[in-house]
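Asker: Chains as they are written, first to last, in the numbering used here: chain A, 1 to 232; chain B, 1 to 285.
Think of the hints as simulated: they come from the structure by calculation, not from any bench. Think of the CB as a built atom: it goes at the ideal place given N, C-alpha and C, for glycine as much as any other residue. Treat the hints with care, as some may be off.
[Said to hold, decoys possible] Facing chain A, a subset of chain B residues (Cβ under 7 angstroms, in silico): (1) R164; (2) S168; (3) E174; (4) R177; (5) L178; (6) V179; (7) I181; (8) D182.
[Stated by the list, open to error] Have a look at the derived ranges for each label pair, beta carbon to beta carbon: (9) B:L77 with A:Q127: 32 to 42 angstroms; (10) A:A52 with B:T258: 47 to 57 angstroms; (11) A:A168 with B:Q87: 35 to 45 angstroms; (12) A:T63 with B:L55: 44 to 54 angstroms; (13) A:D107 with B:L147: 34 to 44 angstroms; (14) B:G88 with A:R76: 26 to 36 angstroms; (15) A:Q127 with B:G88: 24 to 34 angstroms; (16) B:G88 with A:S8: 21 to 31 angstroms; (17) A:P119 with B:A90: 44 to 54 angstroms; (18) B:A184 with A:G77: 14 to 24 angstroms.
[To be verified] To spell it out: a stretch of chain A is covered by chain B in this simulated footprint if at least three of its residues, at any positions, have a beta carbon under 8 angstroms from a beta carbon of chain B; those stretches are: (19) 68 to 77; (20) 86 to 100.
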Amino acid sequence: MLEITGLSAGYEGNDVIQDASFRVDSGEAVMIIGSNGAGKTTLFRSVVGLLAPSLGAVRYEGTDITGVPAQRIVRRGISFVPAERRLFPRMTVRENLALGAYPGRPDPKTMELVMDLFPRLAERQRQRAGTMSGGEQQMLAVGRALMADPSLIVLDEPTTGLAPKLAADAYEALGALRDRGLTVLVAEQQVPLAMALCDRGYVLDNGRISTQGTSAELANDPDVRRAYLGIT
Amino acid sequence: MIANILDGIIFGIQLGLWAAGLTLIYGLGGVLNLAHGQIAVISAMVLAFAMDAGLPALPASGLALLVGGLVGLFLDLTILRPVYRLQGEARVLLSLLLTLGFAFIVDGFLNWRYPGRALSLFIGGGAIDILGVPMRRGSLLASAITLVAFAALFSFFRFTTLGRAVRSVIEDEEGARLVGIDPARIMRLILVLSGVLAALVAVTRSMVVSVDVQAGFGITVLALIVTVVGGLGSVSGALLAGIILGIVNVIAADVIGTFMSLVVLLLAAAVTILIRPAGLLGVEE
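Required output: the full structure, derived from the provided sequences and hints.
Answerer: Here is the structure:
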């Protein structure tokens, strides 16, 4: 479904990501794990069209989408939820969600799905996004991404700034989405949560993909255990 | 006193309209359009010549609005292109320089070809009493048209998908791109809208006083002051600041003298920036 080959990307000529290749198949949940500053955000930004890669290719459902700007990529079925969420703070929850379906009108069925998934949002439809708590804003960011009715949802550290309980809730919602057939690609530092959700994963280390495998394989990898699971 | 305040409100509603187009462009893309007043003057001249050629006032005004929108589109397609490639402060500065250059060219050309040419739309009929103060029909009609324009603007931003898309780009450009909104297309739309609003300034202003070929920079300067006080990117802030400054202006002119009123307005703007850097209804970054 999504295939990244030999991707290099960065800012002002300095490639943060070097020669990264990975793939996500339809219906899978795939994680990119790595420590702070490993380049997860840069990698995702160049996949979803917020940053033009300097080398390499991004293919989606057989089509080359390298360098296609973000506003067009979302219409092809890839929704991105950045770590900073990028909500519209002075607009209401409902307005944020409605814009997720831009340029169309929000589909009532999708809206219902989002409200079922996040009952908090249903209660707070008229509240301004900027006045909500971090956990609620994360729900809204995911909800807004779902309104575009994507086939693939890409999330950059969805647990950023969330208390452990809320982080677990966020992953529970992602599990529910995967069970509905949505393909999930997630970058995460909180590796145990991501491992419980994902089938496979890649380890991003200093801008390069160093290891890959199924979640079980990664959980047994000595380097991964030491660096990301706190087990020696 | 009541007469002063009424005059101030009427002038202030106008000021708000002058600033509305300017504040939208700035809020949307960090572009400062110093040719805003010249768009109004171009539209005023189109209207004047169209009426000279025998076109009735209403279709001639429609033509002026169309031309204003086209000038906005022209700016977007030509001199603003290099501006869009820059970010942040450099973008503001280049837009300021290039639109100022365009404004000088327009001013120079119009002063050379049509020196002293002015537009005034005469609205007949006697004065109407409001709170015991006789008001000219032209002023009242201009205010009514302007208020309708503001109502239309507010409804557009609040109730239409496209209007919400414009707001979303002002609030978070990257977030807007992530839901599929192309900021460049929204910017083009707003430049056209801003041109139409500048043309509407010419139409309504000429119902009150004559708008001559040299009026451009005066309009731009006042619009800038109102924009700063109201908050960059806020149309409701422009209307509020316009009304407040309109009242301040009329009272200052009455108490100190017309020659000082612009200084008083600048002082009011400076004080606003000191107390609230983001303006009355602007949002702190």
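Asker: Hint by hint, note whether the structure agrees.
Answerer: Hint check:
| no. | hint | verdict |
| --- | --- | --- |
| 1 | R164 | 6 angstroms, holds |
| 2 | S168 | 5 angstroms, holds |
| 3 | E174 | 5 angstroms, holds |
| 4 | R177 | 4 angstroms, holds |
| 5 | L178 | 6 angstroms, holds |
| 6 | V179 | 5 angstroms, holds |
| 7 | I181 | 6 angstroms, holds |
| 8 | D182 | 5 angstroms, holds |
| 9 | B:L77 with A:Q127: 32 to 42 angstroms | 40 angstroms, holds |
| 10 | A:A52 with B:T258: 47 to 57 angstroms | 55 angstroms, holds |
| 11 | A:A168 with B:Q87: 35 to 45 angstroms | 39 angstroms, holds |
| 12 | A:T63 with B:L55: 44 to 54 angstroms | 53 angstroms, holds |
| 13 | A:D107 with B:L147: 34 to 44 angstroms | 37 angstroms, holds |
| 14 | B:G88 with A:R76: 26 to 36 angstroms | 30 angstroms, holds |
| 15 | A:Q127 with B:G88: 24 to 34 angstroms | 32 angstroms, holds |
| 16 | B:G88 with A:S8: 21 to 31 angstroms | 26 angstroms, holds |
| 17 | A:P119 with B:A90: 44 to 54 angstroms | 46 angstroms, holds |
| 18 | B:A184 with A:G77: 14 to 24 angstroms | 22 angstroms, holds |
| 19 | 68 to 77 | holds (count 6) |
| 20 | 86 to 100 | holds (count 10) |
Violation of the numbered hints given earlier is absent; every hint is satisfied by the structure.
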